[in-house]
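Chains as they are written, first to last, in my numbering: chain F, 5 to 204; chain U, 5 to 204.
Calculated directly from the structure, the hints in this document are not laboratory data.
Honestly, I wouldn't trust all of these hints.
A pair holds if it fits inside one copy or across any two, identical chains being indistinguishable in the list.
As the list claims (entries may be wrong) - Below, a list of computed lysine to aspartate or glutamate pairs in the EDC-like style, where the Cα atoms sit at most 20 Å apart:
(1) K12 - E80
(2) K171 - D88
(3) K40 - E80
(4) K40 - D139
(5) K117 - E129
(6) K12 - E127
(7) K171 - E145
(8) K117 - E202
(9) K131 - D181
(10) K12 - E202
(11) K12 - D181
(12) K40 - D88
(13) K117 - D88
(14) K131 - E35
(15) K131 - E202
(16) K40 - E129
It should be emphasised that the depicted structure is a prediction, and the values quoted were computed from it without experimental measurement.
Number of protein chains: 2
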Amino acid sequence: MLTLYDFKSSGNGYKVRLLLHQLRQPFIYLETNILKGESRTPQFLEMNPNGKVPTLALGDGRYLAESNAILLYLAEGTGFLPSDPWQRSKVHEWLFFEQYSHEPNIATPRFWKNYLQVGEYDERELKRRQQAGRDALGVMERHLRENEFFSSQYGVADIALYAYTHKAYEGGQTLSDFPAIETWLARVRAQPGHVTMEVV
Amino acid sequence: MLTLYDFKSSGNGYKVRLLLHQLRQPFIYLETNILKGESRTPQFLEMNPNGKVPTLALGDGRYLAESNAILLYLAEGTGFLPSDPWQRSKVHEWLFFEQYSHEPNIATPRFWKNYLQVGEYDERELKRRQQAGRDALGVMERHLRENEFFSSQYGVADIALYAYTHKAYEGGQTLSDFPAIETWLARVRAQPGHVTMEVV
C-alpha cells in the first residue's frame, strides 16, 4: 500500500492526492505538519533528505519526493501521461515551468499571506514575486486561449498547474484578468473523480 | 539541424550544450543576450512564450524550453537516461530538486553578484537564498557520500546539478565545506566529451 506523507494545505501534496483519487488508487495519508518541523525530523530525513512534503513511500523501503516526479511515476502507463515522446516532452516542459516560474511566485506569496505575519516576509520580495506570478499566469493564459488542456487531453500537467492556480487569489492574484484560465479551472473541476484540496 | 537559443554564461544553457557535446550531436548555437531583452522579443516569445533561454528549435517548427525537459528529450534512448522506470523516477526527482531547491538558491545569487550592483538586489533575500543554497548542497553531499553519481551511472541528473554547482562559489558558497561534492565535480569533469561552460 502506498503511503503519502503530506500537509493538507500544500498544493504540491494536493497534486498527488488528486491524481491518486482520479486513478482510484488507495493510499494511506499521513499528515505531516511542516509548520511544526515534522518534515525535518531525523526519521523524515531518512525518507527524504530534502525534508519536504509530499513524499511517497512505496511500502518496500523505496521513497519518492518532488510532487511532479511523483505525478510522472504514478501516471506512467495511464491516460494521464501521453505515451507519444514529443507530447511527453511538452508535459515535462510544463512541469518544470510549474516548479520554476509558477510555484515560487504563486504558491509562496499564498503561503506568506496565509501563515506569516506582516514583517515576517519581505514586502518588496512579495511584490516582485506577485509580478512574476502574473507573468506566469500570462504564459498559461496565452496557451489556454488556443488549447483546452496543457496536453492533448487532461493529465498531469493540468493537475500540477491547477493545484496552486485555483488558490492564486490567496496570494494576491486576480484571476478574472485571465478568462481562459478561469474557463480551464472549471474544465479541470469537471473531470471524473475530481476532489477538492480539502479531501485526503 | 537543431538550433539552440542560449546565453553563454547561463548554467541552464550549459546543461544542454554539455549533453549535446557528449552525445556528439551537431547543433547551431544562437547567442541570445538576456541582459538586452533578446529573449523577450515578439519573435522569441513565439518560440517560447515564457521568454527564457535555453530554447531548442528542432528545425521543423517545433520548440522545446526548460533546460531539464530538453535534457530528458535529448537523452531518451541513450546511456544518459536510465530505461528502468524506478531509476528514471529518481532522475526526475533530482531534476525537480535542481530547479526548485538548487537553482534559485545557487544560480540566482551568482547572477546577482555577477551582473547586478549592490542595491539592485535585496541583501536580506540574498542571505536567505545563500542559506537555502547551503541546505541544497548539504542534500547533494549526503547523497554523494554513498554514491558516485545521481543515478547508477553518469547522466542527465549529474549534468543538471553540475552546471551551477561548479560555479556556486561565484554566488558566495564555499565548496570546500562539501568534500563529496568536490570529488564528484572532478568525476564529472573526467567524463568523455566533457566541455567547459565557455565552449559553445
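Against the structure, test the hints numbered earlier, and report the numbers of the ones violated in rising order.
1, 2, 3, 6, 11, 12, 13, 14, 15, 16
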